[in-house]
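Colleague: Given the sequences, and given the hints that come with them, work out the whole structure.
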Amino acid sequence: MSTVVRTNLLTKDFYAGFWRPRPHRALDGLSFVIPSGGVYGLLGPNGAGKSTTLKLLIDLLRPTSGSAEVLGRPAGAVEARQRLGFLPEHPTFYDYLSAEELLIYVAGLFGYRGAEQRQRAEKVLDRVGLAADRRRPIRQYSKGMVQRVGLAQAIVNDPELVILDEPMSGLDPLGRREVREMILELRDEGRTVLFSSHILSDAEVLCSRVGILDKGKLVAEGTIDALTTGGTRGWEIVATDVSAALAERLKGRVARLTSIAAGRYAMELAADGRPEQLIADLALGGATLVSVSPIRTTLEDVFMRALGKEGAA
Amino acid sequence: MIRRIRLVAWHVFKESVRDRVLYAIGAFALLLVGASIAIGQLSAGEDVKIIKDLGLSTIELAGVLMTIFIGVGLVAREIDRRSIFGLLSKPLPRWEFVLGKYAGLILTIVVNVAAMTAALYLMLAYLDWQALPVERRAWDAPAADPRLLVSVLLITAELALLTALSLFFSTFSSSALLSIVFTVGIFVTGLFSAELRGFGDIVEVSPTVAKFVGGIGWLVPAFSAFSDVKAQVVHGRAVPAAFVFYTLAYAAIYIAALLAGAVTIFSRREFK
Chain A
1 MSTVVRTNLL TKDFYAGFWR PRPHRALDGL SFVIPSGGVY GLLGPNGAGK
51 STTLKLLIDL LRPTSGSAEV LGRPAGAVEA RQRLGFLPEH PTFYDYLSAE
101 ELLIYVAGLF GYRGAEQRQR AEKVLDRVGL AADRRRPIRQ YSKGMVQRVG
151 LAQAIVNDPE LVILDEPMSG LDPLGRREVR EMILELRDEG RTVLFSSHIL
201 SDAEVLCSRV GILDKGKLVA EGTIDALTTG GTRGWEIVAT DVSAALAERL
251 KGRVARLTSI AAGRYAMELA ADGRPEQLIA DLALGGATLV SVSPIRTTLE
301 DVFMRALGKE GAA
Chain B
1 MIRRIRLVAW HVFKESVRDR VLYAIGAFAL LLVGASIAIG QLSAGEDVKI
51 IKDLGLSTIE LAGVLMTIFI GVGLVAREID RRSIFGLLSK PLPRWEFVLG
101 KYAGLILTIV VNVAAMTAAL YLMLAYLDWQ ALPVERRAWD APAADPRLLV
151 SVLLITAELA LLTALSLFFS TFSSSALLSI VFTVGIFVTG LFSAELRGFG
201 DIVEVSPTVA KFVGGIGWLV PAFSAFSDVK AQVVHGRAVP AAFVFYTLAY
251 AAIYIAALLA GAVTIFSRRE FK
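Quick note, the sequences are listed as chains A and B, same order. So for the first sequence, the working numbering puts the first residue at 1; every next one is plus one. So for the second sequence, the working numbering puts the first residue at 1; every next one is plus one.
Hints listed in this document are in silico derivations from the structure and should not be mistaken for laboratory results. Cβ atoms here follow ideal geometry from the backbone N, Cα and C, with glycine treated the same way. Among the clues, some could well be false.
What the hints assert, rightly or not - Here are the simulated distance ranges between beta carbons: (1) B:17 with A:119: 18 to 28 angstroms; (2) A:16 with B:235: 50 to 60 angstroms; (3) B:215 with A:14: 29 to 39 angstroms; (4) B:253 with A:74: 27 to 37 angstroms.
Modeller: Encoded structure:
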């Protein structure tokens with residue numbers, strides 16, 4: 001499997017202050033690889049370095065040290081930009097242009113000419129559902145429509161790699177679903193999608209791989225399966241016909257005991273607890289076992305653990 | 001390469017002609033031209049000269065306003081509104097972006113200067129048509145004198161230089177307002193470059209101060225050189241070809257230096 005993005009100890013400092021500028025490290029020695037195909041999610045809280053990473057890949061920012069390669073070329077090379085699409089966070093475009101004019105302009109920058117330039121624009125506008133509004137000035141568009149224009153300009157060149165900076169940010173649930181569907185479509189077409197987000201539910205649904213950034217450092221990285229499997233963080237046991245005396249005895253043995261209905265309880269055992277012993281004791285106490293299920297590690301658990309906030313999950 | 005520069009330039013032209021500022025400046029120019037007719041009618045015998053003088057001054061002033069308010073905004077606004085993020089992710093080298101912006105603004109200015117010049121000539125032709133032979137004989141030069149074009153050419157070169165200056169500032173300044181302040185400041189200083197160069201002869205100061213001020217006079221673009229020929233052409237006097245050539249060459253060298261600086265700075269610039 002080929003690689004579309006490779007960074008090596010990528011570091012970025014920003015300087016703040018007028019008289020004596022002091023460095024603030026926004027990205028600290030980031031080394032990671034994104035294989036081609038699939039959806040890669042760059043996750044992290046606000047200020048973690050997600051946008052900084054994407055901007056370094058696009059050459060909007062220059063690294064303080066380290067290096068980045070995109071599609072086999074140094075980040076920012078025109079040849080790489082020819083084969084990628086980028087949607088900035090909160091995109092803004094030229095108010096006085098219509099979506100059609102903008103897309104024709106962008107297609108022209110990618111080297112399309114004449115009829116093909118127009119066809120490209122029409123095709124992507126149709127794809128993002130803006131065909132009917134294509135001649136309206138962009139300043140009249142809603143936020144969701146502007147985001148769709150942003151997606152259209154990111155895919156007008158049939159890119160191999162699509163980089164989306166917080167693509168769901170500020171969208172209503174319908175808009176978010178549309179963007180999610182589009183990301184999955186792009187993946188199904190064999191493109192690689194790299195997107196940044198702090199919305200874990202989106203990442204869990206969309207990503208094959210994720211990297212979690214915190215304070216500029218990569219604190220976890222891998223496929224969602226690898227990060228979450230093997231990770232049974234406990235057991236949930238549901239039993240009925242549990243007497244009050246038995247329930248009282250169980251309180252000291254389980255991590256959590258929740259009454260669901262009269263005589264029906266849900267019990268949570270820690271991962272190192274032994275469900276077999278508890279099940280046997282329940283039977284001895286006259287209770288009837290309803291279900292035993294492992295509590296799988298979610299991306300949120302991984303995220304919180306990576307950020308050192310396990311207890312907060 | 002050339003095609004991408006052309007695309008950016010055409011886009012700038014489209015942006016400019018849809019900019020309300022352009023129409024405001026156009027209306028202002030029309031107002032001035034109208035005023036020149038009125039003033040001309042009040043001053044018998046001087047009407048042609050006044051119309052020529054005011055017409056050329058209007059072309060210059062409207063061009064300067066256009067350059068400053070549209071030119072500075074072209075790059076600074078892209079950065080402010082962050083529309084530049086999307087654009088620079090395309091296979092568009094930054095130097096092509098800068099040159100495209102410059103070419104687009106020059107196109108806008110040339111089209112506007114051409115339109116204003118055509119309007120001035122139409123007015124002068126009308127004046128010529130309705131004038132009596134005795135009135136014509138009193139004129140220093142024919143109404144629709146082709147020598148006016150020399151001044152128009154130099155005004156265009158002046159505007160091209162001012163555009164390069166405004167573009168230069170907007171490539172590194174963090175706000176459009178700052179770029180406007182810098183550009184206007186240098187422009188006004190440049191209008192007095194001749195006086196600054198001879199500062200020591202005009203004012204009694206220490207040689208150090210005279211040298212310092214004189215140095216500024218040599219450093220800033222000599223904008224006065226472009227507009228001073230107005231008086232000559234209005235009075236029908238020929239402008240030496242060598243002067244025109246050297247002034248244009250001066251503008252070309254200065255523009256090339258400013259664009260090289262703008263490209264260098266913009267290529268290194270980061271966008272947070």
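Colleague: List in ascending order the numbers of the hints, as given earlier, that are violated by the structure.
Modeller: Per hint list: zero violations.
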